[in-house]
Structures are given as C-alpha cells and as structure tokens.
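Undergrad: Here is how the chains run, residue by residue.
Number of protein chains: 4
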Amino acid sequence: MDFQKVLNEIYEEVNAEGIHGKVASYIPELASVDASKFGICLVTPDGDSFGVGDFEEKFSIQSISKVFSLVLSIIRSDNKIWERVGREPSGTPFNSLVQLESENGIPRNPFINSGALVVTDFLVSETELAAQAILDFIIQEIGVGGIHFNEAVAQSEIIKGDRNRALSYFMKSFDNFDNEVDKVIKEYCYQCSIEMSCKELAQAFLLFTNKGRSIYTDKQLLTLSQTKRISALMETCGCYDQAGDFAFKVGLPVKSGVGGGIAAVLPDKFSVVVWSPELNEKGNSAKGFKALELLTTKLGCSLY
Amino acid sequence: MDFQKVLNEIYEEVNAEGIHGKVASYIPELASVDASKFGICLVTPDGDSFGVGDFEEKFSIQSISKVFSLVLSIIRSDNKIWERVGREPSGTPFNSLVQLESENGIPRNPFINSGALVVTDFLVSETELAAQAILDFIIQEIGVGGIHFNEAVAQSEIIKGDRNRALSYFMKSFDNFDNEVDKVIKEYCYQCSIEMSCKELAQAFLLFTNKGRSIYTDKQLLTLSQTKRISALMETCGCYDQAGDFAFKVGLPVKSGVGGGIAAVLPDKFSVVVWSPELNEKGNSAKGFKALELLTTKLGCSLY
Amino acid sequence: MDFQKVLNEIYEEVNAEGIHGKVASYIPELASVDASKFGICLVTPDGDSFGVGDFEEKFSIQSISKVFSLVLSIIRSDNKIWERVGREPSGTPFNSLVQLESENGIPRNPFINSGALVVTDFLVSETELAAQAILDFIIQEIGVGGIHFNEAVAQSEIIKGDRNRALSYFMKSFDNFDNEVDKVIKEYCYQCSIEMSCKELAQAFLLFTNKGRSIYTDKQLLTLSQTKRISALMETCGCYDQAGDFAFKVGLPVKSGVGGGIAAVLPDKFSVVVWSPELNEKGNSAKGFKALELLTTKLGCSLY
Amino acid sequence: MDFQKVLNEIYEEVNAEGIHGKVASYIPELASVDASKFGICLVTPDGDSFGVGDFEEKFSIQSISKVFSLVLSIIRSDNKIWERVGREPSGTPFNSLVQLESENGIPRNPFINSGALVVTDFLVSETELAAQAILDFIIQEIGVGGIHFNEAVAQSEIIKGDRNRALSYFMKSFDNFDNEVDKVIKEYCYQCSIEMSCKELAQAFLLFTNKGRSIYTDKQLLTLSQTKRISALMETCGCYDQAGDFAFKVGLPVKSGVGGGIAAVLPDKFSVVVWSPELNEKGNSAKGFKALELLTTKLGCSLY
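Chains as they are written, first to last, in the numbering used here: chain X, 1 to 304; chain U, 1 to 304; chain L, 1 to 304; chain A, 1 to 304.
The set of hints was computed from the structure by calculation and includes no laboratory data. Owing to the predicted nature of the structure, the values given are computational and were not obtained by experimental measurement. One or more hints might be untrue.
No copy is singled out in the list; a pair is fine if it fits within one copy or between any two copies.
Listed below are the simulated DSS-like cross-link pairs for lysine-lysine, each with C-alpha atoms no more than 25 Å apart in a straight line [what the hints assert, rightly or not]:
1. K22 with K5
2. K298 with K80
3. K80 with K282
4. K249 with K186
5. K249 with K80
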C-alpha cells in the first residue's frame with residue numbers, strides 16, 4: 001500500500017472539511033498551543049515511517065502515557081496489577097467518581113484517571129521515580145533520546161490536580177492506594193507531561209503492532225498475550241466515553257490524550273499517530289478521529 | 001489449522017475444569033434445560049464446519065437474536081437506525097433504566113434490552129411481523145429450514161416482560177418508541193425464542209466473517225462497512241457488562257444470550273458458537289467464555 | 001390574628017414582586033390556564049375562612065390528590081400500605097426511575113409518582129373505582145358537592161402517561177404492583193384531574209390541622225398518630241426536590257401540584273392553600289412558595 | 001407534664017425491648033465504648049432538667065457537632081454560608097460523592113460530611129482554630145466548663161479521614177473549598193471529637209427551643225428566623241438517609257452522631273438528648289430512635 005499517498009490525501013481532506021473543536025484550556029500551557037497544528041505519522045513493523053504535516057513536532061502526550069504506565073506495571077507486577085484495576089469500559093466521563101463508589105474503590109479500567117492513578121501508585125511502590133521510569137522505558141524502547149518532561153505542564157497539572165487527589169483519597173479510603181497521594185499525583189502529572197512527536201509515539205506504539213517486540217532494540221518487552229490484551233483494552237476503553245464509536249467508525253485499538261494526540265495500532269500492519277489539538281465534546285481530537293476513520297476506510301483494513 | 005483437534009481439546013479441557021454457573025431461571029422453559037449440555041461449532045468461509053459435543057442440538061438463542069434484528073434494521077433503515085440508538089458500552093446491567101434517564105431515552109447500544117427494543121420497534125413499523133421477518137432472514141441467509149420459534153418460551157417471556165415494558169414506555173415518554181408497547185414486546189419475545197444449534201448459528205454468523213456476503217446464497221447482505229461496524233459493536237458491547245473482559249481474554253467480537261449461547265467471529269477466518277446453559281455472574285455462559293478463551297489461545301489468533 | 005389583613009398584604013406584596021415562572025405545558029388543558037390567576041385561602045379549625053384573589057375558582061389539584069389517595073390507603077390498609085412504599089425524601093425529580101432500580105421497586109415515598117402509583121394500585125385492588133372513591137372521600141369530608149373530575153384533563157394525562165406506565169411496569173417487575181397497569185393509570189389520572197378551589201382544598205386539609213377529625217361531619221377520619229405522620233411526610237417529601245428549602249423558608253407541611261396549587265397546614269392553627277399556575281424550576285408554584293414564606297413570617301408561627 | 005416519670009418509663013421500656021445494633025468500629029476509641037450505656041436528658045426553657053440512666057456521662061458527639069459549626073458559620077457569615085451549601089435531603093449515605101458530582105461540588109446540606117466540611121472550611125477562613133471556636137461557643141452558650149476535645153479520637157479520625165479528604169478535594173476541584181485540605185480535616189476531626197453528656201448537649205440545644213436565646217447567658221445568639229431554619233434543616237436532614245422515617249415516627253428536629261447520641265428539640269417546649277452507642281443500619285442510635293418515638297407518643301406532642 002502506498003501509505004504516504006493515503007496520508008497526504010487524508011491530510012488534505014480533513015483540512016478541507018473544516019473540522020473544529022476546543023483546545024484544552026484547564027492549564028495555560030495546553031491552552032496556548034497553536035490550534036491549527038495537524039500531523040500524522042504511520043510506522044510499519046519493518047521500520048518504515050510515513051508522515052504528513054506537523055508529524056515531527058513534539059506535543060503533550062497526556063493520557064496516552066497511561067498506556068506506557070500500564071505496560072510498565074504489567075511487566076513489573078507480572079500481571080498482578082489486574083487485582084487492583086478492572087478492564088471494563090466505564091460509560092462515564094474520564095474523571096468521574098460515581099462508579100468508584102459502587103465498585104468499592106476498584107477503577108473500571110486503567111485508562112480512566114482513577115485507574116491510571118492506581119497504576120502509578122503501584123509504580124511508585126516499585127520505584128520512587130515512576131515518571132522517570134516510564135520515560136526511560138519509552139526512550140529505551142525506541143532507542144532515541146530527546147524525549148523529555150515539560151516541567152511547566154507538570155507543575156500546572158499538579159496545581160490543577162484536585163479532582164485527581166479526590167479520586168486518589170477515595171481509593172485510599174477503600175485501601176486501594178498505598179502511597180502518599182501527593183507523591184503519586186506528582187509522578188502522574190510528570191508522566192502526562194511527556195512530549196513526543198507523532199513519529200516518536202508511532203514508533204513507541206509499534207510494540208503492539210509487533211507482538212510485544214521492539215524492532216529498535218530487538219527485545220521482547222511484553223509477551224504475546226500481554227500485547228494482545230493491552231490492544232484489546234485500547235479497543236474497548238481507549239478513548240473515554242467514545243470508545244464504542246471509535247471501534248464502530250475506526251476499528252483500531254487507540255489511546256487518546258487531551259493534548260490532541262491519538263495513537264492507534266493495527267496488529268501486524270502498522271501503528272499510526274495523529275495530532276491536532278482541537279477536541280470534540282468527548283475530549284478526543286476532532287481532526288484525529290476523522291483522520292483515523294478515513295485511514296481505515298482508504299486502506300480497507302481494520303480489526304474487523 | 002486442525003480445527004477439529006483444537007475443538008476436541010477445548011471440549012475436554014473445559015469439562016475437566018469443572019466450571020459451573022447458574023442456569024437462567026426466570027422462565028420455566030429455560031430453567032428446565034439440561035445444565036450439562038455443552039457444544040461447540042466452528043465454520044470457515046469456505047463452508048467447512050467442525051463440531052464437538054451437543055453442537056447440533058437446538059437451544060434458545062435469546063439475546064443473540066439482537067444481532068439479527070440489528071442487521072435487518074440496518075438494511076431496512078439504510079443505517080438510519082443509528083439516529084435512535086447509540087453505540088457505546090453501557091457499564092450497567094443489560095436491563096438497567098438508569099442510563100436511559102440521563103440520556104433522554106436513547107439507549108446506549110442495540111445489544112442491551114432497551115436498544116434491542118428500539119430496533120424491534122423500528123422493524124414493527126416496517127413490517128408487522130418483525131419476528132417472522134428476522135426468522136425468514138436467518139433461514140434465507142443460511143439456506144436451511146427447520147428453524148422455529150419456541151411458542152412456550154415466547155409466551156413465558158411475554159408474561160415475564162414487565163421490565164421490558166418499563167423500558168419501552170420509558171423510551172416512549174421520550175418519543176423514541178413508535179408502536180404499541182405490547183405489540184413490540186410480543187415480536188421481541190418471539191425473536192428471542194428462536195431455537196438454533198451451534199452449527200446453524202455459526203453458519204448465520206459467517207456473514208460477519210465473510211465481509212457481509214452469505215456463502216450459502218452468494219448474496220451480499222451487508223456492505224463491507226456495515227459488516228465491520230456490527231463486528232466492532234459486538235466487540236465493545238456484545239456481552240453486557242463483561243465486554244471488556246471478553247475483549248481482554250478472548251479478543252473476538254461476540255454476542256451472548258441468556259440461553260447459554262455465545263456466538264463469535266474472527267473476520268476472514270471463522271465463526272464459532274459455543275453453548276452451555278450455566279451462566280456466570282454477568283449472565284454469560286461460564287463454559288462458553290472459557291472455551292473461547294482457550295480457542296484464541298490455542299489457535300494463536302484473535303483480533304489483536 | 002387578623003388573618004384577612006395578612007392575606008391581603010401577602011397578595012399585594014407577591015403581586016408587586018413580579019414573580020414569574022412557567023405554566024405546565026405537557027397537556028393542552030393545563031397549558032391554557034390563565035397564568036395570572038392567584039388566590040389564597042386560609043381556614044381555621046373553628047371553620048372560619050379567609051380568602052383573597054381567585055380563591056374560589058377551581059383549578060386542577062394534580063399531585064395534591066396524592067395526599068387524599070394516601071389517606072384513603074392508610075385507612076383501608078390499616079397502615080399496611082407502608083410495606084409497599086417508603087417514607088424518605090428522594091433527592092431526585094418526581095418522575096425519576098433511578099432510585100427504584102437501586103431499591104428493588106419500593107418507591108421512596110408516596111408523594112413521588114412511583115409511590116402514588118403504588119398507592120393507587122392498592123386502592124384499585126380495594127375498589128375498582130379508586131378515583132371515584134377518592135373524590136367521594138373529599139366530598140364527604142368537607143360536606144359539599146360540586147367537586148368533579150375534569151374529563152379532558154384526565155384523558156390528556158392518560159395519553160401522556162408513558163413515563164408513569166414505565167414506572168408502573170418497573171414496579172411490576174419487582175412484584176410491587178398488582179393490577180393491570182392501564183387500569184391503575186386511568187384511576188391515577190382521574191384523581192389528578194380533580195378540580196377544587198383554594199377554599200375547598202383548605203377545608204379538606206383542615207383534617208391535618210384538626211387531629212384527623214373533620215369539623216364538617218364531626219367524624220374522626222384518621223387517628224391522631226396517622227394525622228401527624230402524614231403531616232410529617234408532607235414536611236419532608238411534600239414538594240419534590242425542594243422539600244428542604246420549603247421547610248427552611250416556610251416551615252409548614254405542604255403538598256404541591258403541577259396545576260399551581262400548594263396546600264399547607266399548621267397543626268392546631270390553620271390550613272392554607274395558594275394557587276398560581278406559574279411554576280418555578282422545581283415544579284412548585286413560584287408565587288405560592290413566596291406567599292407561604294410571607295405568611296409564616298408575618299404570622300410569626302410555623303412548625304419550628 | 002411529669003417529664004421525669006415519662007423518661008423513667010421510656011428508659012425501662014426501651015431496655016425491656018432488647019433493641020440492639022452495632023457500635024461504630026472504624027476507630028478503636030469508638031469501638032471500645034461500653035455498648036450498654038444508655039441515658040436520656042430533657043431540659044426545658046426555664047432551665048429544669050430531667051435525666052435517667054447515663055445522662056451525665058460524656059460521650060463523643062461526632063456529627064452532632066455539625067449543628068454547632070453550622071450555627072457559628074451562619075453567625076459569622078451573616079447567612080452567606082448558604083451560597084456554598086444546599087438545604088435538601090440527600091437520599092444517599094452521609095459520605096457519598098455521587099450527588100456532589102451532579103451538583104457541581106455544592107453539597108446537598110450542611111449535615112452530610114461534604115456539607116459540614118464546607119462549613120468548617122469557611123470557619124477556618126474566619127479563624128484558624130475552627131474547632132476551638134466551636135468548643136468556645138458551646139462553653140459560652142451554656143456557661144459551664146469541663147467540655148473538651150478527645151485527642152485520641154481526633155487523631156484516629158484524622159488517620160481514617162481519607163474519604164473526607166476525597167470529598168474535600170472534590171469540592172476544591174469545583175472551587176468550593178478554600179483552605180488546605182489537611183488543615184480543614186484536622187479542625188473537622190477535632191470538632192467531631194468533642195465530648196459532652198446528654199445533659200450538656202440538651203442544654204446546648206435549648207437554643208433552638210428558646211428562639212435563639214441562651215437562657216444561661218441571656219444572650220440572643222441567633223435570630224428567630226435563623227433558629228427556625230436550623231430546626232427545619234434538622235427535621236429534613238438531621239439523621240442521614242433516615243430523616244423521613246424520623247419525622248414520621250418521632251416528629252422532632254434532630255441531629256444524630258455516630259457516637260450514639262441524638263439531640264432533638266421541640267420549639268418552645270424542650271430539648272432532649274439520648275445516648276446509646278449501638279447504631280441501626282442507617283447509622284443512628286437504635287435505642288435512641290425508639291426512645292424519642294416513645295417520648296413524643298407519651299407526651300402527646302411533636303411538631304405535627
């Protein structure tokens with residue numbers, strides 16, 4: 001398939017459609033991002049990469065980091081992390097407390113905030129510097145440097161972190177949170193502040209395309225079963241309360257972030273990352289959603 | 001792959017594990033089913049079929065019929081059915097009214113009761129005898145006769161249908177229900193009462209494996225896009241509040257029924273149906289779940 | 001106290017304040033009521049009555065009828081009705097289904113729709129013509145004729161009754177509803193359609209002021225304990241999700257209706273009814289609320 | 001009325017009934033209380049007091065302190081505290097987060113934990129040592145010394161305070177919480193740890209019986225309107241999710257605490273406090289509830 005041609009077409013068609021949304025504004029660092037940014041990068045298991053637009057510009061990966069923290073927690077806990085977090089779509093917004101109350105402090109899945117906080121809490125128990133461990137994992141996985149936290153973003157998120165503190169203390173009241181809340185919040189906010197380009201993210205997500213093996217280091221980082229299961233989780237829970245619609249229209253496991261990035265994979269075929277900061281009403285990149293829909297339509301391939 | 005060998009292994013292993021659950025007991029006809037029944041049938045797009053155990057014995061397909069009614073409504077409405085029903089997992093039990101209230105009478109998806117009732121309501125507007133139309137569709141699709149309603153089951157379900165009446169009137173109060181409630185309930189209960197064997201169901205689900213084309217009549221019944229989208233919906237919403245766990249452990253689009261059947265598909269590869277009446281706490285066949293988990297593990301193939 | 005002078009003052013002050021709301025519009029008969037109507041009538045246990053404005057004009061009592069049906073069910077069931085309905089404020093709108101689901105079909109109290117439907121269901125089991133029995137009770141209690149159902153209102157409510165049908169079938173699914181739903185809905189809608197003036201309603205509510213004894217027939221209709229308990233229920237549950245605010249600002253047991261009436265009592269002192277069709281956002285008469293607040297302030301007496 | 005005789009009768013009858021419940025066990029200091037303790041004290045506006053059983057023994061007032069913190073916040077805010085907290089019964093448990101989410105961080109009323117935390121947050125903004133200010137208010141109101149915090153209880157509550165921290169941060173995320181959470185939690189736990197006897201509490205609650213005026217210092221502490229409104233709030237929201245039942249069976253404004261105390265008032269007549277540590281399933285003193293029910297029955301007087 002001529003991936004480059006398809007990406008170019010998508011880039012033009014999406015821009016022509018005049019799709020718009022709202023840039024995340026709860027912290028100044030995200031609010032000030034250029035709303036017109038738009039990039040796509042697709043990487044194949046043999047290492048070829050195809051890009052269009054701002055695909056080499058770094059952006060705040062935000063909740064996409066939840067995939068990396070989950071990967072690390074699965075590896076380090078030998079799958080025991082699943083005793084503390086569920087695997088079901090939530091049917092409620094990403095930062096809701098409602099279901100936690102009815103389910104005794106066990107978050108529905110690791111891709112909503114409560115679940116990701118439990119995962120980070122686990123990592124903090126394993127290694128004080130959980131965010132650094134996540135960053136190190138990414139850097140080692142794709143074998144490149146130049147990936148960093150954004151200090152200003154992290155600090156702003158820490159200041160704005162009261163809802164996440166509420167979620168954390170709530171789980172602590174159910175004995176599903178081990179460390180000091182502020183320590184975990186700090187690590188959580190730092191991991192969210194990691195900045196990567198579409199290309200770097202697509203390279204990092206190649207792991208799920210390639211049966212858990214990094215093509216960059218030739219190391220098996222996840223078992224085949226773990227790899228498939230994380231992809232399954234991305235399919236059912238990867239974009240908040242729009243996961244069903246994503247599966248329906250796109251048909252790829254994805255993880256989105258409030259910074260406007262969406263990372264997606266098609267096992268054995270490719271990983272692809274889209275970035276455009278304007279979000280739809282469900283908190284997912286508006287152009288990103290459309291671009292991925294066009295991608296699976298034009299390529300004629302998806303999970304289904 | 002030697003499908004027959006794999007099915008035989010699974011049959012033995014699952015039986016050896018001593019998995020048990022509770023047979024549905026809300027109507028006498030289901031309560032009296034032999035709990036020890038267990039069958040599996042796998043069919044490939046070239047028409048080969050492989051079976052083990054009670055795979056040729058008919059059972060009550062119950063909610064698996066929701067897939068057929070959805071297919072028919074998509075065809076007849078030219079996709080407009082999606083204006084009346086959502087596509088998101090619900091995060092609540094199959095017969096819950098809670099989310100209907102917060103979402104103005106639009107069911108979360110067509111595979112929970114409220115959604116299936118809206119679909120049947122649409123079909124009743126199209127053709128008085130909706131259940132018969134669904135049955136005819138199945139029969140024509142797989143080109144065999146001998147598939148029938150179970151009158152006793154249908155009548156018992158009609159009697160026990162108050163929760164479904166509540167759902168229907170609730171949607172009617174939001175103007176998302178057009179026909180007389182009792183007329184729709186009747187058609188709904190009849191479609192649920194259809195009895196098919198694992199083999200017949202697997203043949204009928206081959207549609208989703210085979211890009212929307214019936215291999216039995218060589219007719220294109222669904223577009224490729226429609227086919228994929230229904231599979232996506234089965235992946236995210238096919239087994240009530242356990243869809244995430246199914247995706248995680250099985251990795252196939254599925255639809256389960258309270259009669260103990262679970263139908264699953266792997267696009268381009270096979271459709272497979274398992275039947276065992278004992279249900280786990282989420283209402284899905286306990287042995288069926290395990291059998292499908294073993295299947296994708298042993299075959300080494302799933303969506304992901 | 002010079003009740004007449006106080007009522008006159010209130011009438012002028014409330015009118016001067018320019019308080020407005022929205023007339024109920026879900027049926028044409030209510031929507032077409034003259035929004036400027038405003039009347040108050042206060043009756044004392046020695047039979048004196050004081051009125052101002054449109055206090056002798058009949059209006060649709062709507063949910064105020066729930067008090068009469070409760071009274072009748074308490075008498076006829078010898079308090080056993082409390083096995084089927086609770087006594088707690090609901091914290092949700094009058095027609096919500098959410099709490100029914102978590103409380104196994106037992107309505108929170110008899111003054112929300114679900115609770116009143118259970119009460120009417122009980123009355124229908126006692127006497128086919130429940131609405132007529134309620135009307136007869138009122139007429140006999142205050143010893144006057146000329147009180148009727150409004151056929152057009154009742155029929156419109158029956159047509160618009162789908163939410164109530166949903167509530168009824170939902171309770172039926174929990175075995176807390178005995179009769180045919182449509183039969184109960186009919187009786188329920190007829191009782192809601194009763195038309196009375198402020199004066200007639202105040203006379204009927206004198207029962208709660210006067211220890212359960214009708215001053216018009218000199219009959220003890222309720223025991224002292226029953227009387228007090230119904231008043232307590234009006235205090236905590238009498239005006240939907242605004243009961244706390246009513247207690248706070250008015251301090252009288254009340255029952256409001258969507259027709260714009262509010263009936264209130266001060267035990268041993270007086271009963272009072274206000275009518276003005278414009279409703280606040282919680283569904284209670286906007287002017288009526290203000291008038292009662294002024295009344296207890298000016299008279300310097302309330303429960304507290 | 002011969003109050004002493006009535007109290008003696010109640011004491012014997014309640015003991016004879018063999019009513020039991022569960023002593024609060026979430027902190028060791030409450031768990032170790034002698035479950036058989038039982039005392040009642042009634043005080044009249046002319047200063048007479050009547051007591052039976054352990055009515056002079058101090059116990060942990062716990063949530064009864066919420067009334068005093070509310071009084072102080074009303075005085076100091078000149079009623080503006082109502083901009084930050086509602087006045088409606090909640091219909092959910094005392095420590096639920098669910099309604100906070102749907103009502104934008106405004107607690108339903110000041111007698112559930114979230115509401116009391118907002119009140120304490122306000123007091124901390126007014127005076128660093130909020131708990132001491134509450135204690136001082138009580139001591140000055142009734143003109144006696146010897147009332148203290150229980151340091152061990154306060155420290156244990158602080159340790160067990162994660163649910164309250166969750167509530168606090170949740171409200172902070174809605175900008176309805178001004179101070180450092182841990183500072184407010186500390187003051188909140190100290191106020192809950194105040195120990196008073198039935199007699200001292202009944203004297204302190206005489207304020208609401210006596211139109212807001214302390215008979216001990218002859219000072220008007222609350223306006224008449226404020227007094228009535230706090231009583232109204234105790235009537236509709238004073239004992240968590242059992243307020244309706246209390247109003248129904250007892251008919252007095254009350255506030256209960258998990259230490260087993262229930263304080264009640266009848267305006268112009270008396271205040272009364274019962275203490276027995278065993279709690280019913282709603283968290284209210286089991287014997288206390290029964291004792292108050294007998295009291296209003298035997299005295300033949302209640303609000304209604």
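Undergrad: If a hint holds in the structure, say so; if it does not, say that too.
TA: Quick rundown of the hints versus the structure:
When the C-alpha separation of K22 and K5 is checked against a cutoff of 25 Å, the pair qualifies neither within a copy, at 29 Å, nor between copies, at 55 Å. In this homomeric assembly, K298 and K80 come within 25 Å of each other (Cα to Cα) only across copies, at 23 Å, whereas the closest approach inside a single copy is 40 Å. When the C-alpha separation of K80 and K282 is checked against a cutoff of 25 Å, the pair qualifies only between copies, where the shortest distance is 22 Å, while the shortest distance within a copy is 31 Å. When the C-alpha separation of K249 and K186 is checked against a cutoff of 25 Å, the pair qualifies neither within a copy, at 36 Å, nor between copies, at 33 Å.
Within a single copy, K249 and K80 get their C-alpha atoms only as close as 33 Å, which misses the 25 Å cut-off; across copies the closest is 15 Å, which meets it.
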